[in-house]
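A.B. asks: Sequence:
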Amino acid sequence: MASTGVAAFNIAGETLHSALKLNVNFSAGVGKKSLMEMQEQWKDVRYIFIDEFSMLGQRLLRKVDARLRELFPEHSKQSFGGRSVILIGDVFQLPPVLDTQLYVYNPNQKKHDILKSEGYKLYMEFKKVVHLTEQVRQANDTEFAQLLDKLREGKADEACWNSLMNNCRVYAPDLLPEGFQSGCTFLYHTNEDVRNRNYMLLGKMVSELNPVRQINAICKGDEAKLCGKKKEHKKSDTNLEKRLYLCIGARVMLTRNLSVRNGLVNGSVGTVRGICYAPGRQSPKDWPDCIWVEFDNYSGPAMGAIVQDNRAIRVVPILSVTNEKFKGGAQLSRQQFPLRLAWASTIHKSQGLTIPKAYVAFSKGGARKAIPAGLFYTAVSRVRAFADLRVSSCDYNNFVSLFSAQKVQTQLHEQKRLLRMCSSANSDSR
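1 is the number of the first residue of the sequence shown in UniProt numbering; add one for each residue after it.
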């Protein structure tokens, strides 16, 4: 299992929320019938693997524990229902969203958030550590792998900066070589930077025969009253775009887990191959019936095919969905297609991916301020070699300061603790 759809697909598993029927708001309730069905499904499970554990927070770990105790009532007094839980990942990767890293201790946490306090205690119960040392993704570029090791451990120096700038520097994304731009993913820290780059690249594809289609979300309830006003709710409230702009050939990302097993997960990337309308409706502003998308990593059965350039393209029909949420006493309801433009993406969305080619912005919001060290490390480590990476120009002093030991002190402390446990386990086994 894993905390995100992309990570779950990479290991042919399921998300924690799907497998354990956990709500995103950490609600632990499940009906008696559903619980009995889950108990039957899980009765033979002895070992549970959770990948990308850096994104697993204290509150979520406690919820996993609570659900497993329910699934194995005969062992409800034991942590995780008596199952063996194996966490896999790298503490230097991205932290959890809206939760606290497993190893961060807050002495005042118990009275503020009992779930986090109990989650921290659960994590401290893990005593056996195995350290994997073989580098797989960057195995064919030793110099690049060594650079990444220095960045993650806060040991950046002038040699690191020179190596990165000499091999990968480009002064603006528009100056990328034409051959590199094809298939390149642009990684940014902020949604605003992502949106600006996507709209710019969308504009380059538009023609009289291939117009941009504007798909306005259908808002209901209290959100409908706010549409067009300053207090209109953002996409993050329902995870659906207020206005979705598409054209044939646009790169898009799925924003909902539809089929983890077949690779249709939140974060899956593909290309729009068709926009289907009901008879008599074809205006760029009309509401489509579905969006036909060719996903890069779809592995499921054929759902349809479109012939383009004398070849049959396997496509998946994406239908609109409705998300509802209560916030501040308001009922938010939005119907939209679970897609967003994806030539550019936030670094958070790249966690767990191997990207063929990437451009990484060192600063954010068009300013000189550097992005956090953990984000930059995650972004540049998505590719396999120097040849697959381009980064924006950055000042030497900013670079060395960003990747100083102080910036990753918490992660370094936890890494050392885990390595001590690993050494102790090896000594005991001799």
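Check before you lean on any hint, since a few could be wrong.
Unchecked claim - Below 30 Å or equal to it, Euclidean Cα-Cα: the simulated DSS-like pairs (lysine-lysine) are: (1) K204 x K357; (2) K33 x K416; (3) K127 x K150; (4) K155 x K357; (5) K127 x K155; (6) K155 x K128; (7) K43 x K150; (8) K21 x K43; (9) K416 x K128; (10) K220 x K242; (11) K127 x K77; (12) K21 x K150; (13) K32 x K357; (14) K155 x K204; (15) K43 x K32; (16) K242 x K204; (17) K416 x K127; (18) K220 x K357; (19) K21 x K416; (20) K220 x K155; (21) K43 x K128; (22) K21 x K357; (23) K77 x K155; (24) K204 x K220; (25) K155 x K325; (26) K357 x K325; (27) K155 x K32; (28) K21 x K155; (29) K325 x K416; (30) K242 x K128; (31) K121 x K416; (32) K33 x K43; (33) K150 x K325; (34) K77 x K43; (35) K127 x K21.
As the list claims (entries may be wrong) - With beta-carbon atoms standing in for the labels, derived distance ranges: (36) W287 x Q331: 32 to 40 Å; (37) Q39 x M205: 49 to 57 Å; (38) P177 x A278: 29 to 37 Å; (39) F180 x C276: 41 to 49 Å; (40) D286 x N166: 32 to 40 Å.
Hint data in this document are derived by calculation from the structure and do not stem from the laboratory.
We put the beta carbon where it would ideally sit given N, CA and C, even for glycine.
A.B. asks: Does the structure keep K33 and K43 at a Cα separation of 30 Å or less?
C.D. replies: With a Cα-Cα distance of about 15 Å, the restraint between K33 and K43 holds, given a limit of 30 Å.
A.B. asks: Would you mind confirming whether the straight-line C-alpha gap from K220 to K357 stays at or under 30 Å?
C.D. replies: 41 Å, violated
A.B. asks: Assuming the hint says 32 to 40 Å, is it satisfied by the Cβ distance from D286 to N166 or not?
C.D. replies: 51 Å, violated
A.B. asks: Do the beta carbons of F180 and C276 sit within 41 to 49 Å of each other?
C.D. replies: 34 Å, violated
A.B. asks: Does the structure keep K416 and K128 at a Cα separation of 30 Å or less?
C.D. replies: The given pair, whose Cα atoms are some 14 Å apart, holds under the 30 Å limit.
A.B. asks: Below or equal to 30 Å on CA atoms is what counts here, so check K127 against K150.
C.D. replies: 27 Å, holds
A.B. asks: Between K77 and K43, does the CA-CA distance stay at or below 30 Å?
C.D. replies: 17 Å, holds
A.B. asks: Would you mind confirming whether the straight-line C-alpha gap from K155 to K32 stays at or under 30 Å?
C.D. replies: 53 Å, violated
A.B. asks: Please verify whether K127 and K21 have alpha carbons no more than 30 Å apart.
C.D. replies: It holds: about 28 Å lies between the C-alpha atoms, which stays within 30 Å.
A.B. asks: Is K155 within 30 Å of K128, Cα to Cα?
C.D. replies: Distance ~27 Å between K155 and K128 Cα, so the pair holds.
A.B. asks: Take the C-alpha atoms of K220 and K242, compute the straight-line distance between them, and say whether it is at most 30 Å.
C.D. replies: 12 Å, holds
A.B. asks: Take the C-alpha atoms of K32 and K357, compute the straight-line distance between them, and say whether it is at most 30 Å.
C.D. replies: Violated, because 48 Å separates the two Cα atoms, which is more than 30 Å.
This entry does not satisfy hints 2, 7, 12, 13, 14, 18, 19, 20, 22, 23, 24, 25, 26, 27, 28, 29, 30, 33, 36, 38, 39 and 40, going by the numbered hints stated previously.
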